[in-house]
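Chemist: For this one, chain V is given, so just place chain U on it according to the hints.
Chains as they are written, first to last, in our numbering: chain V, 1 to 322; chain U, 1 to 322.
You can trust all of the hints, since none of them are fake.
The list treats identical chains as interchangeable, and a pair is accepted whether it falls inside one copy or across any two copies.
Derived DSBU-like pairs: lysine-lysine, alpha-carbon spacing no greater than 30 Å straight-line:
#: 1; residue 1: 265; residue 2: 80
#: 2; residue 1: 261; residue 2: 171
#: 3; residue 1: 62; residue 2: 160
#: 4; residue 1: 126; residue 2: 62
#: 5; residue 1: 92; residue 2: 149
#: 6; residue 1: 265; residue 2: 185
#: 7; residue 1: 80; residue 2: 261
What the hints contain is simulated information worked out from the structure, not anything from laboratory work.
Number of protein chains: 2
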Amino acid sequence: MNAKKTILEILEKHDEIKDVYFLACGGSLVDLYPGFYFIQAESATMHAAWLPAREFTIAPPKHLGKHSLIIACSHGGNTKETVDAVRFAHEKGAAVITLTHNKDSACNDSTMNPIIYDWAEEVDEKEKPQGIVLDLLNELMKAQEPDYKLYDTIAEGLLKIDRIVKAAVKKVQNRTWVFAEKYYKEPFLYIMGSGASFSQAYGFSICSLQEMQWMDCCYLHSGEYFHGPFEVTDEDHLYILLMSKGSNRIMDERALTFLQKYANKYEVIDAEELGIGEIDDSCVDYFNPILFYAMSVEYRKGLQDKRRHPLDMRRYMGVVEY
Amino acid sequence: MNAKKTILEILEKHDEIKDVYFLACGGSLVDLYPGFYFIQAESATMHAAWLPAREFTIAPPKHLGKHSLIIACSHGGNTKETVDAVRFAHEKGAAVITLTHNKDSACNDSTMNPIIYDWAEEVDEKEKPQGIVLDLLNELMKAQEPDYKLYDTIAEGLLKIDRIVKAAVKKVQNRTWVFAEKYYKEPFLYIMGSGASFSQAYGFSICSLQEMQWMDCCYLHSGEYFHGPFEVTDEDHLYILLMSKGSNRIMDERALTFLQKYANKYEVIDAEELGIGEIDDSCVDYFNPILFYAMSVEYRKGLQDKRRHPLDMRRYMGVVEY
Numbered sequence: 001m002n003a004k005k006t007i008l009e010i011l012e013k014h015d016e017i018k019d020v021y022f023l024a025c026g027g028s029l030v031d032l033y034p035g036f037y038f039i040q041a042e043s044a045t046m047h048a049a050w051l052p053a054r055e056f057t058i059a060p061p062k063h064l065g066k067h068s069l070i071i072a073c074s075h076g077g078n079t080k081e082t083v084d085a086v087r088f089a090h091e092k093g094a095a096v097i098t099l100t101h102n103k104d105s106a107c108n109d110s111t112m113n114p115i116i117y118d119w120a121e122e123v124d125e126k127e128k129p130q131g132i133v134l135d136l137l138n139e140l141m142k143a144q145e146p147d148y149k150l151y152d153t154i155a156e157g158l159l160k161i162d163r164i165v166k167a168a169v170k171k172v173q174n175r176t177w178v179f180a181e182k183y184y185k186e187p188f189l190y191i192m193g194s195g196a197s198f199s200q201a202y203g204f205s206i207c208s209l210q211e212m213q214w215m216d217c218c219y220l221h222s223g224e225y226f227h228g229p230f231e232v233t234d235e236d237h238l239y240i241l242l243m244s245k246g247s248n249r250i251m252d253e254r255a256l257t258f259l260q261k262y263a264n265k266y267e268v269i270d271a272e273e274l275g276i277g278e279i280d281d282s283c284v285d286y287f288n289p290i291l292f293y294a295m296s297v298e299y300r301k302g303l304q305d306k307r308r309h310p311l312d313m314r315r316y317m318g319v320v321e322y
Numbered sequence: 001m002n003a004k005k006t007i008l009e010i011l012e013k014h015d016e017i018k019d020v021y022f023l024a025c026g027g028s029l030v031d032l033y034p035g036f037y038f039i040q041a042e043s044a045t046m047h048a049a050w051l052p053a054r055e056f057t058i059a060p061p062k063h064l065g066k067h068s069l070i071i072a073c074s075h076g077g078n079t080k081e082t083v084d085a086v087r088f089a090h091e092k093g094a095a096v097i098t099l100t101h102n103k104d105s106a107c108n109d110s111t112m113n114p115i116i117y118d119w120a121e122e123v124d125e126k127e128k129p130q131g132i133v134l135d136l137l138n139e140l141m142k143a144q145e146p147d148y149k150l151y152d153t154i155a156e157g158l159l160k161i162d163r164i165v166k167a168a169v170k171k172v173q174n175r176t177w178v179f180a181e182k183y184y185k186e187p188f189l190y191i192m193g194s195g196a197s198f199s200q201a202y203g204f205s206i207c208s209l210q211e212m213q214w215m216d217c218c219y220l221h222s223g224e225y226f227h228g229p230f231e232v233t234d235e236d237h238l239y240i241l242l243m244s245k246g247s248n249r250i251m252d253e254r255a256l257t258f259l260q261k262y263a264n265k266y267e268v269i270d271a272e273e274l275g276i277g278e279i280d281d282s283c284v285d286y287f288n289p290i291l292f293y294a295m296s297v298e299y300r301k302g303l304q305d306k307r308r309h310p311l312d313m314r315r316y317m318g319v320v321e322y
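Next up, chain V with everything else stripped away, as it sits in the complex (with noise of 0.2 Å):
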């Protein structure tokens, strides 16, 4: 993928983008979320969205257009509310991104200035989702504002957040078996993060337990944890905080902190404590959920051998109707 040369020529033919939709489901809309959060955050010539695919095209806001940049995600490209999604778009003028596992897919079309992603274990987080548009996106902010700061520190991120995951997944192995041994018939757990993490709080729940191992969660904002939520807590309820570097690690800490106090299990995963320091201050925000997303990884493939139940299993997606 050649990020500088797709958002050139996007805005060669677009002038200036205004708007950025990001739009997927499930997993893939989770990992569209870090890259919404930086515009919100950064950009001054820019807003941004992200929502669920189908319910872009049933309310599609009024500023779609000429200058609207989307950009979508379907792991596997068929995705009929996000091909939908992205087809309606492109007909009323924007420019879009479609990001793909599958190049025999509908994404795949030169119209969607597609991008085809490797999925596998040793492939660099670079060039996974997450980092894909990170970069897609310092390169759009490069180009567009000439008041950007962050472009060589997203860039040197970048190339040293594999190693950072890599190192983190080897460390954490051992403590996801000691996990799934101590909580494994564990009926409910809430999971917590906050900024650009939330939205790993949210995967980690609806695709790595919800999906893959059928097991009852939720997912919290660790800031809104305190507006209501922190009211069942109590020795016997289970959470797993993802704390964040950075910024909103404020708020992932007063919620260590109150867990401490009235909660007796609860799994941390700091992902200060695993390495990401290494980033730069100024935008280590944008990397916790690439770590984040490792992590839930992990820990799901730890309840998956001691829970016995095969992480692909599945009794409706792919097998009925719906």
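Modeler: Leaving out everything else, chain U in the frame of chain V:
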């Protein structure tokens, strides 16, 4: 409250509003989501963002300034995160409107264009937060967008919604008792909704059940359900489905069809059956959540009585330091 006067005064000082930020915590954040959804779908001149107040202060958007409007809500009026965010935005030159129940609070400050609402059951829905926000945004759209077409239908809807809600409250009372009788021992449940009403799946979970009943549950988007979470569905799992009338109903209906086939325990709260059809189709999307909120109040009352868990009982909120 005189919504028109408030909006015209703001427009006089700020010329034009380009960004509307909806900021709050917990239940108050829930109340602001339909307004966010409305601006995102309907406005040709404004963009909207909806986020936990602290996250806004931690990662403030670069667009924040003279042409921004902050709509913030704090029931008690002193929620630190919300007050901090509002003061920060005010310093940046943004227009601010605060909604609060407490006239003796930090939110009742003349720089914040405060609106004091009453919360009692008999108060007209138009005078409660969701109604107030819709009224304000309707005036803002009318004042700012010559092509805006929903003004009269929304104004009519605001006159009708109170009667609809009060009739629905009477209609569901017995079924909330039956629901509580059947399910009060349920260890866990999922609550689904979509469109503007996704906020009510969230609020039902984090406020009515997690906070007020210490009950474990998870909120899901009815569209996203099919991209992961539906794998946990079986005859033992309990679901509450908020079925909106309007453009996003097709997502809720799809979820219902699936539940009818693969689940056994599910409660449907259908806005159409509960009379929301009196509101014009062009804007009913923005009224469903007002009805669903009132329904969540009835269901939690039913659960309170059967579970003998007082709705106002807290073990942490306002009780301990955190």
